[in-house]
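Q: Here are the chains, one letter per residue:
Protein chains: 2
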Amino acid sequence: MERIEHHASFGGRQEVWKHTSSALGCEMRLGVYLPPAALAGERCPVLYWLSGLTCTEQNFITKAGAQQHAAQHGLILVAPDTSPRGAAVADDPGYDLGQGAGFYLNATQAPWAPHFRMEDYVVNELPALVEQHFPATEKRAIFGHSMGGHGALTLALRHPGRYASVSAFAPIVAPSQVPWGQKVFAAYLGDDRAAWAAHDAVALVATARERLPLLVDQGEDDEFLPQLQPELLRAACSQAGHPLTLRLWPGYDHSYYFIASFIGEHVAHHARALRGA
Amino acid sequence: MERIEHHASFGGRQEVWKHTSSALGCEMRLGVYLPPAALAGERCPVLYWLSGLTCTEQNFITKAGAQQHAAQHGLILVAPDTSPRGAAVADDPGYDLGQGAGFYLNATQAPWAPHFRMEDYVVNELPALVEQHFPATEKRAIFGHSMGGHGALTLALRHPGRYASVSAFAPIVAPSQVPWGQKVFAAYLGDDRAAWAAHDAVALVATARERLPLLVDQGEDDEFLPQLQPELLRAACSQAGHPLTLRLWPGYDHSYYFIASFIGEHVAHHARALRGA
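If you're matching them up, the sequences are chains G and B in order.
Remember, our numbering sits 2 above the position in the first sequence when you count from 1.
Remember, our numbering sits 2 above the position in the second sequence when you count from 1.
It is worth saying that the hints were derived from the structure and are not from the lab.
Only a predicted model underlies this, so the values are computations on that prediction, with no experimental measurement involved.
Yeah, the Cβ is synthetic: ideal placement off N, Cα and C, and Gly gets one too.
Worth double-checking, as some hints may not be accurate.
Unchecked claim - Anything over 12 angstroms on all C-beta distances counts as not near chain G; from chain B, calculated:
{"hint": "1", "residue": "M3"}
{"hint": "2", "residue": "G27"}
{"hint": "3", "residue": "D98"}
{"hint": "4", "residue": "Q111"}
{"hint": "5", "residue": "A115"}
{"hint": "6", "residue": "A130"}
{"hint": "7", "residue": "S178"}
{"hint": "8", "residue": "K185"}
{"hint": "9", "residue": "L234"}
Unchecked claim - If you want the footprint, here are the derived chain B segments under chain G, 3+ residues with CB under 8 angstroms:
{"hint": "10", "stretch": "4–18"}
{"hint": "11", "stretch": "64–75"}
{"hint": "12", "stretch": "260–272"}
Turn these sequences into a full structure, and let the hints steer you where they fit.
A: Printed below as a string of structure tokens:
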């Protein structure tokens with residue numbers, strides 16, 4: 003682990019680290035925000051952010067305005083990159099496949115399988131690393147945006163008990179049913195639709211053992227609504243009796259301006275689960 | 003005026019506009035944040051932000067986190083680009099001269115004089131444009147960062163009565179005495195040191211007619227401290243009896259992480275002057 007950036011921020015510190023990931027077989031970068039409580043020596047719970055297509059670890063830490071809320075609630079924020087990277091890692095000319103488009107799953111198909119293991123990375127390697135190197139407790143929550151909203155929802159649903167809470171901004175809720183998801187699932191997982199369903203939030207809520215409440219915010223002027231389909235999640239949760247708070251916001255789009263407008267409420271939501279506050 | 007971006011943000015709307023500037027003789031872009039009060043039809047006072055070297059209109063609107071505070075206080079935020087732009091505009095290979103480095107003055111020397119008239123643009127053309135196209139009152143305040151902190155301080159000091167309040171993050175307070183300022187002043191204004199002093203905050207406070215209080219925040223770990231020299235401003239204000247609040251913040255650097263950490267206090271400072279709240 004090598005620290006490559008550090009900036010004082012709201013009484014805490016925004017850092018960027020790089021390390022060699024064993025799960026992904028490449029160098030990875032991650033943003034880590036340490037709130038004032040952590041700098042004072044207190045162990046703090048960790049809130050993981052998963053970003054959307056094309057993002058690196060930088061987008062969230064520079065644009066979301068989350069640090070002020072993490073400082074207030076005493077949460078560590080961890081924001082990893084969105085895929086393995088580098089010349090040795092497979093890629094595709096499209097922005098929606100390959101590097102920058104890891105989709106938070108473990109690929110089974112060539113040429114993606116050896117490196118594209120973002121589920122292993124986010125669920126196992128990253129928390130182990132964070133809990134070893136920073137003043138972190140083992141309490142974890144997860145949230146994300148778009149592809150990262152898909153990641154947050156599916157990883158929380160696939161790993162019961164691992165996350166105290168989950169939320170998403172404009173998530174891809176039914177990747178098996180929309181172009182973005184169909185393209186990458188065919189590439190990463192092959193043609194077996196059962197394998198797709200295991201990484202599809204709408205399919206997963208139908209059989210979820212743990213009734214972890216889902217908090218989802220969605221802008222009604224989101225230019226990617228056909229890829230997101232929030233009503234499919236509402237219907238699936240309604241049918242399964244899975245608790246969902248789905249809020250539709252007139253005028254809001256898919257950008258970080260939307261995320262910033264509601265990030266404080268999401269961090270407070272996770273703080274209640276992580277700290278009981 | 004053509005609107006090229008619009009995003010819902012904290013109940014208001016972040017917009018980006020382009021127009022042909024008569025002062026600068028080129029196309030210019032500017033960020034305009036309209037708070038909920040303005041969208042509801044209320045005329046609101048305007049807080050102008052001036053950015054630092056290399057910035058465009060995008061840096062402040064994506065990274066500073068100011069919208070939430072402008073929404074709360076009912077202020078319009080206007081963030082112009084930092085210089086004239088385009089193939090017809092003179093430039094220099096250095097990041098600190100020419101395009102992206104307008105220094106908020108009117109150049110008198112070739113090849114800069116015809117286009118580099120940022121003082122005219124910010125003080126006259128821009129407010130006229132804003133007050134014509136948006137639900138704005140004629141109450142104005144100004145703040146900025148680094149080169150833009152220099153801009154805010156010098157424009158407020160040079161135009162008494164024009165701004166209700168002024169503040170700066172990590173401003174270049176004495177450009178005549180530091181490399182950044184000496185390079186651009188020689189280029190834009192020539193060798194006459196009296197012309198330099200007319201655009202130097204430390205020189206201007208010595209003879210300021212209006213005792214407009216200055217609010218300045220400065221990080222003590224700022225990597226550009228030798229170019230900023232806040233103690234020169236403290237000494238000049240002390241000698242002139244000019245009111246100054248200079249706050250030095252241990253650990254903070256020159257980045258937008260620093261700006262974001264204190265932007266709420268600056269917007270509140272301007273809201274008190276603009277709205278008496």
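Q: Which of the listed hints are not met by the structure?
A: none
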